[in-house]
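Asker: Construct the complete structure from the given sequences, taking the supplied hints into account.
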Amino acid sequence: MAQDAGNAGPAACPVFVAEVVWSDRALADVEAIVTYIVGQHRPLAAQRLGQRLLATGDALEVNPDRGRPITRGRRELAVISPYLIRYRFKDDRVVILEVRHGARRHGG
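Take the sequence shown: its position 45, counting from 1, is numbered 57 in our numbering, and each next residue is one higher.
Because the hints were derived from the structure by calculation, they are not lab data.
Bear in mind that the values here come from a model prediction, so they are computed numbers and not experimental data.
We put the beta carbon where it would ideally sit given N, CA and C, even for glycine.
The reader is advised that the hints may include incorrect statements.
[Claimed, not checked] Derived CB-CB ranges, DEER-like:
| hint | residue 1 | residue 2 | range |
| --- | --- | --- | --- |
| 1 | Arg60 | Glu31 | 20 to 30 Å |
| 2 | Pro81 | Arg54 | 14 to 24 Å |
| 3 | Asp36 | Ala67 | 12 to 22 Å |
| 4 | Arg54 | Thr83 | 30 to 40 Å |
| 5 | Val27 | Gly51 | 15 to 25 Å |
| 6 | Glu31 | Leu56 | 29 to 39 Å |
| 7 | Asp103 | Ala71 | 18 to 28 Å |
| 8 | Gln59 | Val33 | 18 to 28 Å |
| 9 | Gly51 | Gly85 | 33 to 43 Å |
Answerer: In structure tokens form, the structure reads like this:
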């Protein structure tokens with residue numbers, strides 16, 4: 013007679029979760045992007061883009077190394093062309109520094 017193995021599935025792996033913090037600048041960037049697109053008479057597109065930018069940034073909690081390394085310990089993640097999320101990941105914490113248009117020059 014076969015023994016019941018129960019629910020013996022693969023061992024659960026602990027899931028790493030980093031703390032995600034949005035800087036005031038990054039939140040202002042998202043707001044400015046949404047406002048600009050609303051001004052182009054595209055309020056639904058603006059709402060969707062704003063939600064996607066925020067969701068993508070928040071998702072860095074489970075995969076903080078997802079973005080490509082850039083300068084001074086920062087990383088950059090392409091979201092929806094042409095927007096980029098720039099952030100720093102250190103000590104189990106993701107700080108989202110800015111959300112920028114990919115064509116914008118550094119510091120501009």
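Asker: With reference to the structure, classify each hint as holding or not holding.
Answerer: Cross-check of the supplied hints:
1. Evaluation of the 20 to 30 Å hint for Arg60 and Glu31 yields a pass: the beta carbon distance comes to about 26 Å.
2. Our hint of 14 to 24 Å for Pro81 and Arg54 is violated, since their Cβ atoms are close to 33 Å apart.
3. Taking the beta carbon of each, Asp36 and Ala67 are about 19 Å apart, inside 12 to 22 Å as hinted.
4. As the Cβ distance of Arg54 to Thr83 is approximately 33 Å, the hint placing it in 30 to 40 Å holds.
5. The hinted window of 15 to 25 Å between Val27 and Gly51 is violated, with their beta carbons roughly 40 Å apart.
6. A hinted range of 29 to 39 Å for the beta carbons of Glu31 and Leu56 is consistent with their spacing of about 32 Å.
7. Hint check: Asp103 to Ala71, Cβ distance near 19 Å, so the stated range 18 to 28 Å holds.
8. Restraint check, Gln59 to Val33: a C-beta distance of roughly 23 Å satisfies the suggested window 18 to 28 Å.
9. Distance hint check: the CB atoms of Gly51 and Gly85 are about 35 Å apart, consistent with the given range 33 to 43 Å.
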